[in-house]
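Asks: These are the residues of each chain, in order.
2 protein chains.
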Amino acid sequence: MRIGILGTGDVGCRLGTKLVSLGNDVRMGSRAAPNPKAAAWAMANGPKASAGTFADAAKFGEVVFNCTAGSVSLEALKLAGADNLGGKVLVDVANPLDFSKGMPPTLTVCNTDSLGEQIQRAFPDAKVVKALNTIGNEVMVKPRLVPGEHDTFLCGNDPQAKAKVVEILRAFGWKSPIDLGDMTAARGLEMMLPVWVRLMGAIQTRNFNFKIAR
Amino acid sequence: MRIGILGTGDVGCRLGTKLVSLGNDVRMGSRAAPNPKAAAWAMANGPKASAGTFADAAKFGEVVFNCTAGSVSLEALKLAGADNLGGKVLVDVANPLDFSKGMPPTLTVCNTDSLGEQIQRAFPDAKVVKALNTIGNEVMVKPRLVPGEHDTFLCGNDPQAKAKVVEILRAFGWKSPIDLGDMTAARGLEMMLPVWVRLMGAIQTRNFNFKIAR
Numbered sequence: 005m006r007i008g009i010l011g012t013g014d015v016g017c018r019l020g021t022k023l024v025s026l027g028n029d030v031r032m033g034s035r036a037a038p039n040p041k042a043a044a045w046a047m048a049n050g051p052k053a054s055a056g057t058f059a060d061a062a063k064f065g066e067v068v069f070n071c072t073a074g075s076v077s078l079e080a081l082k083l084a085g086a087d088n089l090g091g092k093v094l095v096d097v098a099n100p101l102d103f104s105k106g107m108p109p110t111l112t113v114c115n116t117d118s119l120g121e122q123i124q125r126a127f128p129d130a131k132v133v134k135a136l137n138t139i140g141n142e143v144m145v146k147p148r149l150v151p152g153e154h155d156t157f158l159c160g161n162d163p164q165a166k167a168k169v170v171e172i173l174r175a176f177g178w179k180s181p182i183d184l185g186d187m188t189a190a191r192g193l194e195m196m197l198p199v200w201v202r203l204m205g206a207i208q209t210r211n212f213n214f215k216i217a218r
Numbered sequence: 005m006r007i008g009i010l011g012t013g014d015v016g017c018r019l020g021t022k023l024v025s026l027g028n029d030v031r032m033g034s035r036a037a038p039n040p041k042a043a044a045w046a047m048a049n050g051p052k053a054s055a056g057t058f059a060d061a062a063k064f065g066e067v068v069f070n071c072t073a074g075s076v077s078l079e080a081l082k083l084a085g086a087d088n089l090g091g092k093v094l095v096d097v098a099n100p101l102d103f104s105k106g107m108p109p110t111l112t113v114c115n116t117d118s119l120g121e122q123i124q125r126a127f128p129d130a131k132v133v134k135a136l137n138t139i140g141n142e143v144m145v146k147p148r149l150v151p152g153e154h155d156t157f158l159c160g161n162d163p164q165a166k167a168k169v170v171e172i173l174r175a176f177g178w179k180s181p182i183d184l185g186d187m188t189a190a191r192g193l194e195m196m197l198p199v200w201v202r203l204m205g206a207i208q209t210r211n212f213n214f215k216i217a218r
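In the order they appear, the protein sequences are chains A and B.
The numbers in the working numbering rise by one with no breaks, and the one at position 9 of the first sequence is 13.
The numbers in the working numbering rise by one with no breaks, and the one at position 91 of the second sequence is 95.
So here's chain A without its partners, still in its complex pose:
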């Protein structure tokens, strides 16, 4: 499968590398190309990895991952282009975190709206699926880093797009992703971030995850 990754941070690199290792062709996009981080990532990941602009990556991908900082995601997606995203599965991994007032971060949107919903409204022809935003980037692609069973969640308005994302999550090692329903569930998923940050402080590791005991 051809996959576009928007964003060259830890999340984008981690997901890109895993997706290449699973046999996909992956193009990493950044605001301006050439971008040193994207070029280094592509170099390190062999012939199935490439780099370009946000628009290049979005056009290339059959599935596109939004791995940009939540505070600039809408702007980055505009640069990627509505035409390049139309009809495609757009996996929104971002969190609308605001670090401008120091730690712990607050959210730029929550409660009655969410970044996932904002993206779906701004790009009505994309099939947006919120996923992986509640998990540290190392654990995203290697669930076994955290002992025992634990959970990953997704939501979105398009059942087929969610089925495609579940397939990708299973390839990452997630056995039974929990589907929370339509995109309004992104409010709850994004609002898990404040407690995630406090938990990281309390237990002194990023390698933890939520399990829904039942």
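Hints listed in this document are in silico derivations from the structure and should not be mistaken for laboratory results.
Treat the hints with care, since some could be wrong.
Computed list of lysine-lysine pairs in DSBU-like fashion (alpha-carbon distance at most 35 Å, straight line) [claimed, not checked]: (1) K82(A) - K105(B); (2) K146(B) - K146(A); (3) K105(B) - K146(A).
On the provided structure of chain A, position chain B as indicated by the hints.
Replies: Here is chain B on its own, set in the frame of chain A:
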């Protein structure tokens, strides 16, 4: 120990009954006494259970539980009286849920503030501890209802008050409550409610709980 319970709903009754069964003297408070629900609860729970106004219950308790609806908690606590709460451990179990716009509920306060913080600011002489708000009321007092290990959280500004609440949680069956720090962590704990509600819908039971796999 003498315990005051503010609120006659499912949470107040469940906690009150458990606390009586553990050998405590418990007074349940309501806006106006006599209150039929509080009277029935007291009758059903024998000589260690009693009922009165919010102020009666707050005055009676060495530890006081706020089990009122989050949307009216500040008002209920004012009726309980700052003098009756001063110097005491006030366990805030409430969530600031707003059901006025239908399901799923939104929060009346979140992100940059929380109900726990509002209560601590309004009653600076009380030792407020946020606890149990992320757990369905049956599971609160009977963790074994949910299979396997799973977690309960608390936060607050007073270490001794938190130690007292940990003691009570252990008596309920919670082995290792996770202390998330000062009262600002109540933001994260209360913001878990939206995903809690979606999870309840997705897995069709209230008898689930978060475990922090690590």
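Asks: Are there hints from earlier that the structure breaks, and if so, what are their numbers?
Replies: Number 3 only.
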